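One-letter residues, chain by chain:
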Amino acid sequence: MRKRRQKITDPLLEALISALDEERVTDGASARLLYSKDGSVMEGGRAGIVCFPETTEEVAKCVEISKKFDCEFVTRGAGTGLAGGSVPCNDPIVIVTTRMNKILEVDLEKRVAWVQPGVVNLDLSLSLRGTGFHFAPDPSSQQACTIGGNVANNSGGPHCLAYGVTNSHVAAIEVVLPDASVVEFGSSEGEMCGYDLRGVFVGGEGTLGIATRIAVRLTEDPPAVATLLLDFSKITEAAETVSAIIANGILPAALELMDKNVVAAVEPFAKAGYPLDAEAVLIAEVDGLPDGVSKEIEKITQLAKVNGARQVRIATDQEERERIWKGRKSAFGAIAKIKPDYYLHDTVIPRRRLAEVIEKVYDIAEKYELLVMNVFHAGDGNLHPLLVFDARIPGTLEKVRKAGEEIVATSLEAGGVLSGEHGIGLEKQRFMTQQFSKRDLEAQDALRRAFDPDNRSNPHKVLPTGASCGEIDSLKEIPEGVWI
Amino acid sequence: MKSMEEFAQEVGVDSLVTVRGAGTRWGIGGSLLAGVKEVSAPIGVVNVQPEEMIVEVGAGTKLDVLQQELSEFNQEVALAGLPGSTVGGSLAVGSSSYRRARIGTAADVLLQAVCVGADGKQFVAGGPTVKNVTGYDICKLLVSSLGTLALIGVVTLRTRPKPERETWLTGGASLKEVTNCCYRPASVLTDGSKTFVLLEGYAEDIEKESKSLKSVGMLPMDTAPYIPPAVKGNSKEVPKGGLLDLQTGIQYSTQPSQQKQVPESIKELSKRIKSNFDPTGRLNPGRDPYLL
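If you read the sequences in order, they're chains A and B. Count the first sequence with our numbering and you get residues 1 to 484, in order. Count the second sequence with our numbering and you get residues 1 to 292, in order.
Just to be clear, a hint being listed does not mean it is correct.
Unchecked claim - With a cut-off of at most 25 angstroms between alpha-carbon atoms, the simulated DSS-like pairs for lysine-lysine come out as follows:
1) A:Lys67 / B:Lys271
2) A:Lys67 / B:Lys267
3) B:Lys236 / A:Lys110
Just so you know, the hints here were simulated from the structure itself, not pulled from any lab data. None of these values were measured; they are calculated from a predicted model.
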């Protein structure tokens, strides 16, 4: 970090520097700008002093100082979040966990690894290569996102269909609470009695405190894996196939769907062999013991053919499998190159209604003359309709906004929910009252207030008005300046 | 089936109140205060959706009735309980199956709960889909809470396909020997002298793994071993007369769990949660989830 030339006059800055050191605390304009954004479209964030603690004790000191100075704080990992969960509002202290990147302990017998929150998701699984174990949650951003961020968002990923999202893979968490006390939730062995504070902390979007050490469960590598690439001349046929697979009692390791627009964007560089003339491509992965895998391949192939699949290709080796997955996991980046701006939703719908809702999503996009691209976790009904556009064209933002609202409304009408894995953050707050009643939100607020009575830990997020449910109905619009 | 409105009316707004299922675990989690009004949750399977792998059910429904209905679709829920126990009771206690290493825990099962709060008003926790991170996951808080935060009326649960084959084996193999022979065993238990292994999956795979386990002295059992209820705690000891799950460290015992030391900061946080959800302390007074 750049050496400071001026004398420190800000007592808050001085306190934070004395808690860490001058190298790891900054109020420089470039750092504040950098940490004012995350992977979402939210603009207008304002970071205050940015800190880079390396230990639990240092995090606790930062939180203690924030308490003493009555400041808000926001925790941030790699900043890959897609809902603005780590976008700071009103100059809070930004506590960045990327230097807390040590794998502290791996116990293969207990199948648990203790990690610091800044460990990159993929780094953990790479470090476990050859041991027969891996960390199951695999968000598409796994090359960059941190496990602390996964905990905050209860992240998913393609392989969470069979193995469950992050919450199922966290045994215990050491947390610095907003009052600066250090506690441990859950247990790396056995099961604790009392309220499931571990379970409820995961997915708290950084509003309930800061995870400083995480005991993650390690999953045994399956003895056999098969990746199938199925292509269809209608996206509805692909969606029907997904429903049929689940209805027939098969829970594949992953079941991902990409539409024609996505395939066209991804194939040129991924060279995964996705058929460019298909309207939809479905990736199905099954794993387990060899006979079961063979049975499931056979059944999925049969169901796909019945539902109109043109071709079913089974990857013959690891390299081919990796190419297929590389295309899927890089889809978002490839799409972003098509137009300068994007707006992404993350709703979940009942799987049996996939075909019908996808059709409606296309109709909505057409109505507003927008390009929509669909790449999503079809197996659990988690849609990712991505509207791509050029915000410089007058009137476009308004269309995007209206189309987004209709997509959300369509998903909720189909019996769905607002977010499957990205969380609410800042971006989806205004939709919360469409899914939850005032009383439902009061229950959520009761939880939040218990953890953070002063509302200092990542405030202004998740619930429509932060601390007070009395004002929920008054917030109808995203605040000025905090939009694309 | 009793409606949620009727259930909310029974719960009322001011008197001390408890919800009773089958009462199979009534003796655990502290002593209920005397003279508390007793209510019961709606009973009945509302909607089985095998193609979604979810089921909507009244919390007062017997767990074995639900499992029976789901088995018609070759599905099940990963909840456990003593014979006759209810869905709501199993959730309130947080009773996971001894097959948890393979099928997950009670906390993973509850997707949505329609509840009555301490104010007598209904609220919804979670959502009806298999994946959901919309807002705070109050469902996680309700499981294992002994009804001290809200009273669960109707729930949506995650179901899963039943395995094609289940086989119990017993012998003297260590956990390492067992896991060297088989992939993701559903349960590996010990009584201190013998090991009990449950394999589940497709028939051909299980036959092969059973053969492999034979090489380390594990032989098939005709009937499943008796497994007492799970006891919360993190002791590594085999409980007297009970079993220890070698994969998860969970104890199964008929003996009540030992008193555990709960750190002061956890106690304080839990008190704030209780007080925010139930300011007058009218829900299940005397019950304490930390005494489970």
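So, going through the hints one by one against the coordinates:
1. A:Lys67 / B:Lys271: 21 angstroms, holds
2. A:Lys67 / B:Lys267: 21 angstroms, holds
3. B:Lys236 / A:Lys110: 12 angstroms, holds
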